[in-house]
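Protein chains: 2
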Amino acid sequence: VTPGELPPTIAWAGDRIRLIDQRRLPDELVVVEVTTVAALCECIRSLAVRGAPALGAAGAMGVALASVRGASLTEAAEALIGTRPTAVNLAAGVRRALAAADPVAEAVGLAEEDLAVNRSIGHHGVTVVGHGARVLTHCNAGALACVGYGTALGVVRAAHDAGRSPFVWVDETRPVLQGSRLTAWELDRAGIPFRVIVDGAAGALMAAGEVDLVLVGADRVTRSGDVVNKVGTYGLAVLARHHGIPFHVAVPFSTIDPSTGTGADVPIEERDEAEVLAWAGRRVAPAGARARNPAFDVTPAELVTSYLTDRGILEPGSLRLAVDDPVRGGS
Amino acid sequence: VTPGELPPTIAWAGDRIRLIDQRRLPDELVVVEVTTVAALCECIRSLAVRGAPALGAAGAMGVALASVRGASLTEAAEALIGTRPTAVNLAAGVRRALAAADPVAEAVGLAEEDLAVNRSIGHHGVTVVGHGARVLTHCNAGALACVGYGTALGVVRAAHDAGRSPFVWVDETRPVLQGSRLTAWELDRAGIPFRVIVDGAAGALMAAGEVDLVLVGADRVTRSGDVVNKVGTYGLAVLARHHGIPFHVAVPFSTIDPSTGTGADVPIEERDEAEVLAWAGRRVAPAGARARNPAFDVTPAELVTSYLTDRGILEPGSLRLAVDDPVRGGS
Numbered sequence: 001v002t003p004g005e006l007p008p009t010i011a012w013a014g015d016r017i018r019l020i021d022q023r024r025l026p027d028e029l030v031v032v033e034v035t036t037v038a039a040l041c042e043c044i045r046s047l048a049v050r051g052a053p054a055l056g057a058a059g060a061m062g063v064a065l066a067s068v069r070g071a072s073l074t075e076a077a078e079a080l081i082g083t084r085p086t087a088v089n090l091a092a093g094v095r096r097a098l099a100a101a102d103p104v105a106e107a108v109g110l111a112e113e114d115l116a117v118n119r120s121i122g123h124h125g126v127t128v129v130g131h132g133a134r135v136l137t138h139c140n141a142g143a144l145a146c147v148g149y150g151t152a153l154g155v156v157r158a159a160h161d162a163g164r165s166p167f168v169w170v171d172e173t174r175p176v177l178q179g180s181r182l183t184a185w186e187l188d189r190a191g192i193p194f195r196v197i198v199d200g201a202a203g204a205l206m207a208a209g210e211v212d213l214v215l216v217g218a219d220r221v222t223r224s225g226d227v228v229n230k231v232g233t234y235g236l237a238v239l240a241r242h243h244g245i246p247f248h249v250a251v252p253f254s255t256i257d258p259s260t261g262t263g264a265d266v267p268i269e270e271r272d273e274a275e276v277l278a279w280a281g282r283r284v285a286p287a288g289a290r291a292r293n294p295a296f297d298v299t300p301a302e303l304v305t306s307y308l309t310d311r312g313i314l315e316p317g318s319l320r321l322a323v324d325d326p327v328r329g330g331s
Numbered sequence: 001v002t003p004g005e006l007p008p009t010i011a012w013a014g015d016r017i018r019l020i021d022q023r024r025l026p027d028e029l030v031v032v033e034v035t036t037v038a039a040l041c042e043c044i045r046s047l048a049v050r051g052a053p054a055l056g057a058a059g060a061m062g063v064a065l066a067s068v069r070g071a072s073l074t075e076a077a078e079a080l081i082g083t084r085p086t087a088v089n090l091a092a093g094v095r096r097a098l099a100a101a102d103p104v105a106e107a108v109g110l111a112e113e114d115l116a117v118n119r120s121i122g123h124h125g126v127t128v129v130g131h132g133a134r135v136l137t138h139c140n141a142g143a144l145a146c147v148g149y150g151t152a153l154g155v156v157r158a159a160h161d162a163g164r165s166p167f168v169w170v171d172e173t174r175p176v177l178q179g180s181r182l183t184a185w186e187l188d189r190a191g192i193p194f195r196v197i198v199d200g201a202a203g204a205l206m207a208a209g210e211v212d213l214v215l216v217g218a219d220r221v222t223r224s225g226d227v228v229n230k231v232g233t234y235g236l237a238v239l240a241r242h243h244g245i246p247f248h249v250a251v252p253f254s255t256i257d258p259s260t261g262t263g264a265d266v267p268i269e270e271r272d273e274a275e276v277l278a279w280a281g282r283r284v285a286p287a288g289a290r291a292r293n294p295a296f297d298v299t300p301a302e303l304v305t306s307y308l309t310d311r312g313i314l315e316p317g318s319l320r321l322a323v324d325d326p327v328r329g330g331s
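Residue numbers (the numbering used here), protein chains in the order written: chain U, 1 to 331; chain W, 1 to 331.
The shape of chain U in the complex, shown without the other chains (with noise of 0.2 Å):
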């Protein structure tokens, strides 16, 4: 790993799954070797591994580890499918596995395929990207999302690569700070200029015209074009309107669920209290207190500029016609 690069957020090492342990970064660089479907679904489940596409590479590889264990392949999927109700990425990888002839290789083939769907969104993703512009983000949708390289960051990637030089504004993104932690250790890795922001200066930022444009990625996108995604993307997205400010969503094409009709078929993962009420640890609020926790929100089809796709950027309008695509099949 030279200076700037990363290991894989998560890869198949031979009978057993490498990945980085994201709950101890930015302090240090662990990668951890999982053994059981059982160890893997705590790591899902306390964030170790997170983002859409790595929990898809997550779940066929979970499936994979059940097999080279001769563990029950549907328990480890029940099993897989539960920690985040959210994810269809995840589902989606442990089905995809579970139907293959060999779940090991299928594992494999959606990592390698994570890869290179990524790099594609950079492709066409960093036309919306101007010289100079400076892009907020929410929550992490880089290379540590994904087996690699990054759906909204991968598009930041590209632009800086293109020699576009983009600035980010990075939302540290409570309750977890995905933001301070996850997207500002890459961009910094990276060489990439960027300054953090607590969640509420968004608004203050874009009103005195300094936000050129908003980029996050998806937990799903539904047939409709209703984008679910980490807790307060939909209020940047309102915010984004407000100011007359382009809000795009990077994301495998394979994100997009023809199976859900609009954000409200979605179930939303309610997580710990506990995420709230304390922060890096050290509890804040008083003893008494309770919170309440929904880790995603809904942003409507009708606040979103374009989705930046593997398959190229699609808008609001254009994203159904695509989804109903026969031609899409088996991918």
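The hints are simulated quantities; they were obtained by calculation from the structure and are not laboratory data. Worth double-checking, as some hints may not be accurate.
Stated by the list, open to error - Derived list of chain W stretches under chain U, where covered just means 3 residues or more per stretch with a C-beta under 8 Å from a C-beta of chain U: (1) 172-184; (2) 195-203; (3) 271-280.
Glycine included, every Cβ here is placed at the ideal spot set by N, Cα and C.
Position chain W relative to chain U; hints supplied.
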């Protein structure tokens, strides 16, 4: 102090100031004695005492402190005003004590007035809180932001006392977490039901129909009715408008500053980057990361439903007339 009741946030004690050290809440309720202007300035800068009305009392008491210590009043005034450039009440409190024949009596009088003003805001404002209303608030505009009772939370307190059974969504309010630390603590002591949320979750709750009104305080209201308040307030106002939810600002009439034309004329304090990159001494962002940390933002008058003041409820259109009213005189 009976259960649920608080000592005054700040009080004059013969020849010194006693104030609740809000840096130590909610872990412990500690009242500290402040005997020098330099120590008071440090308390203000580090947010041991904060909130627009409380800073008004702090400013006046700081001048009183200089007078009983035989120190230079003008030097004390300059030092105090320089600590928080956005807070209009701080400077107003300083100037009022400075102009008085007896700074101590003036400071004590200002603190007594503050309590009466807050109760009056509650008396008028309670009418906007329907039975069982779910109020969303940001930062802490409670007793801890004032000498006692509170502005936005004073209205909630009045609604609670009137049997209207309000419920409060508490924005945690990064970076300093005045919501989860202070507002949650106050509501818990007052027996008013609440849940803490991350700042980014407000949009999802509004979209789900779980917010009936937004109720915030302000550090300054301009002649045009623009509201300068804790960063994140503006985003809430845009979201409230998008969802057709009322957005109310509870303020002492004296927080309306006729000498400031619009929000563009207000200096916005930029605070230490470390507030964003770390919490309670624990760094979360990588070593190379930097941050932007504007403490406030500006909500334009057109997004405000009404101002709940000690002179009654004003709408943006009537605010300017009220400010220009010559009866205002020495208030």
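We went through each hint and held it up to the structure:
A count of 8 residues in the stretch 172-184 of chain W with a Cβ less than 8 Å from any Cβ of chain U is obtained; the coverage claim is therefore met, three being the minimum. Coverage of the stretch 195-203 of chain W by chain U holds. Counting CB-CB distances below 8 Å, 9 residues qualify, and the rule asks for three or more. Chain U is given as covering the stretch 271-280 of chain W, and this holds because 4 residues of the stretch bring a CB closer than 8 Å to a CB of that chain, at least three being needed.
Of the hints listed earlier, there is not a single one the structure fails to meet.
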